Amino acid sequence: MKDNLNELISMRVFAVITLILLAISISIIAVQVYASTKFWMESSEMRKTKTPDERFVNTEQAIGSLIFGGNELVQYYEQATLINNVTHLFDFKLHSVTIYVRDERDAPIGGAYVKAFSPDWGVMYPHYEEWNTTDNNGIYKFTLPTGNWVFIVSSGWNYATNNPNKGIFIETTAYINSSIVITLKPQKSIMVKIVDEKGFSLPVDELYMLSSKYIPAIPPAFIGYSNTGTLTLYTNLENQNLTIVAIKRPSSVSDGYILAKEISTVGQATNIISAANTSKLILAAYEPDGSLSKYWNVEFRLPDLYLGNWVYTFQLSGRNVFHITPMKAVLNPRYIPPGWYYYFEHIALSLEANREYVYSFGGKCSFHIWVIKQDTQLWFDIRDRFGNVLAFYSDPTRERNITMRIFEGGKEVYKDNIGRYIPGTLFYGIGKTFAESATFELYMNIGPLGGLGKISINGLLYDKSHLVEFKDVQSKNFILHIPVGYFWNISGQTREQVFIDTLEAVYKSMGTYLGENLQGKPHRVEVNFEWCGVGGTNSVGFGVGVARWPVHVHHGFLGVLSHELGHMYSFTPPLIYYVECPLFCEPLATYLGIEALAVLYGPNVRLWYWGTHPGFFDYIAGDKNVPEIERMQFVFFYLHRTYGSDIHKRFIQLWANSTIKDYLMRKGFNANEIMVTLYSYLARENLAWLFRMAGYNIPEKRIDEGMKALPTSLSVVMGSLCFDAYGVDRHLVELYFPSARFEPYSKYKVFYSYIIVGGPFVNPNSATIAEKSGIRFGRDWMDVNGTVYRSEWRYSDYAIILIKGGAIYVMGTHRYGTEAALLWLSRKPLFYSYAIIKWVDINRDGNVDLEEVSEVMRI
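Here full-length UniProt numbering is used: position 853 in the sequence shown is 853, and no number is missing along the way.
With a Cα cut of at most 25 Å, we get these calculated BS3-like pairs of lysine-lysine:
hint, residue 1, residue 2
1, Lys141, Lys93
2, Lys708, Lys772
3, Lys708, Lys667
By construction, these hints were calculated from the structure, which means they are not laboratory data. All values reported here derive from a predicted model rather than from experimental measurement.
With the hints as constraints, model all of the structure from the sequences given.
Listed below in structure tokens is the structure:
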């Protein structure tokens, strides 16, 4: 098992880890980038979000200038664009979009938050959780590609500060295909009242808004605050559901609140947001001496509302009580004494109404070094008194001094400051296995956390007290080689079964999406310290730090697991999805992983994951540093969105057919040209323009040449077939093509290829084409351009398979010849003009068997 996985590592681990960092770009980024994390999270300010949607045409302004006040700016639709006389849904031309934001008094709003979101691709401008702000004149300018765009505007801090108890949320959808000026302004007001668990008015520090129909793809938008518990919301939306989030920070004398409720913009009734029937969460933080601490805070993520890295940080004042609307939440405790920074692993909560939850942090901490012998994988296990696990830390120099020395026979063979290499984790793999008798010395300065201070330990490197104990567990589809239960326990929550159940769920959903049943079960899973994720033939592997993420609560953490299962589906027999690395396999694995998650959690989850890959849009906007793998990733999304998900399965079936590739390579086509040729064949249009946009230098003419070189019988390989057959011939078709579609032949139906079955005596379409092609049939003979092939009933027979006018004709002298030809076709051969098939009943059983069928000629 390990040998096979090691082969995978040597091939792909670095590529995988690189892709994963791009693919998930979620909490792990916040965890690793301390400086930016600390700056904005400590401001007690959540990442803001906005969303416009309205329609109002200002006839007084110039053409191309629109003011939106209604609900639908311009009809949301898919508009076709001509490129080289070919119709495309998207041309990706860039257009200037000027947003002009006005308040309820028609005055410009400076500092308003603005975001553009693509409901086609999930991409946001600015990317992820960031927001743009308008200038003092209420103006912000986007440069956006052609397509449908949702524009979202919310108050911003300037408006909120100057207008307490008021908020603005505007959302509008527009199809952008030219430069335009859009004015966004509210058209109505809605009253919102926030009350505590006893029904009294509840002043709140911050209010956020989401468009319910896009949850969890767009982050919440900051709309204001209320010092009275009442908010007047100005909006343009007439008939839409919104989700509002009210936040009150705790203090030494008052509780904290996170309240969320969906409201409607219909009517004038006051919307009540109540803390009744909420969950009660009690958090307490301690210093090493047992006293309450003022240096702890807690990050909250709300994955039911948004999957990205939108967090709210609450400062704790020793012991605090929170009232939270029942929902899923992820907490990350942080200890930040002067000069130091400590970030703890996720605590996952599925909050239920009227239930109390208690979590404590800090106190005395423990330290242990764990070792996996292979490659000397290390984990510096630091836990507080309550079982919370430290993810990483930073000292006053924003580095870590973790000096490791290793000795063999008294001679130093390794020395390094490991702390330089692991800014966002406490796992590290040295990459070498030392002698059984090797000893070590470790020095760490952990600082004030839990009274640990400076640690200096030594001893036998592979001592039993340090070595990780493993166990083998079997589930429905996997055998797992994993660390024992201790390593899965985070803050009293055991994640081992969560990992196994999620692995099975995503595996099943990927198989459902692909319609594929992998062989070689049970598949192998290995969990260690050094990996992020690996995947290959019949196996996947993960680092325990990733495997124990609370993916059951936060589906935005599923990127690594789903990506590696995507690799396994690519590399494991029956190899329906096999492609070579690196051009295809990394983006393919990500694509398959996302689609598996969409099966489980819906299309908005797909949109969010697609939106974590904005590189193609950055590339066409001028950023030429976007890597090839990111550009290719969008090509997968585009083809799915435009031609349907089946195009990728059909492409890989073609790509895996070495006969086709080898033939085109002999014609002088390189791998990229063949890739574009085959996708163009499946799309029924020349896609060179798309791949050129993604950075591939491929001329249209070259792809035209490649498409002309492909054999017409390729339609049999692809299974995009419709049969024209009658009587016994129809039964024969069903025998060899069980999912056959039957429909009378029409030359005007070009989405699929026709196979017309039966000789001229039984199928009139065959009679017409046989006469035009110089083919004649008698009772026991077939004449092809003067060559006569004679049959003997129930012993030998002939058939011709003819390509003509884009259709395939199967004509046998008798039914046995027709059956032999269909059997031969079902083996998916390639030919350009015609093939003559012979059957001889060698075993005299009266049946057509494969070994009795031969080719007389294939052109």
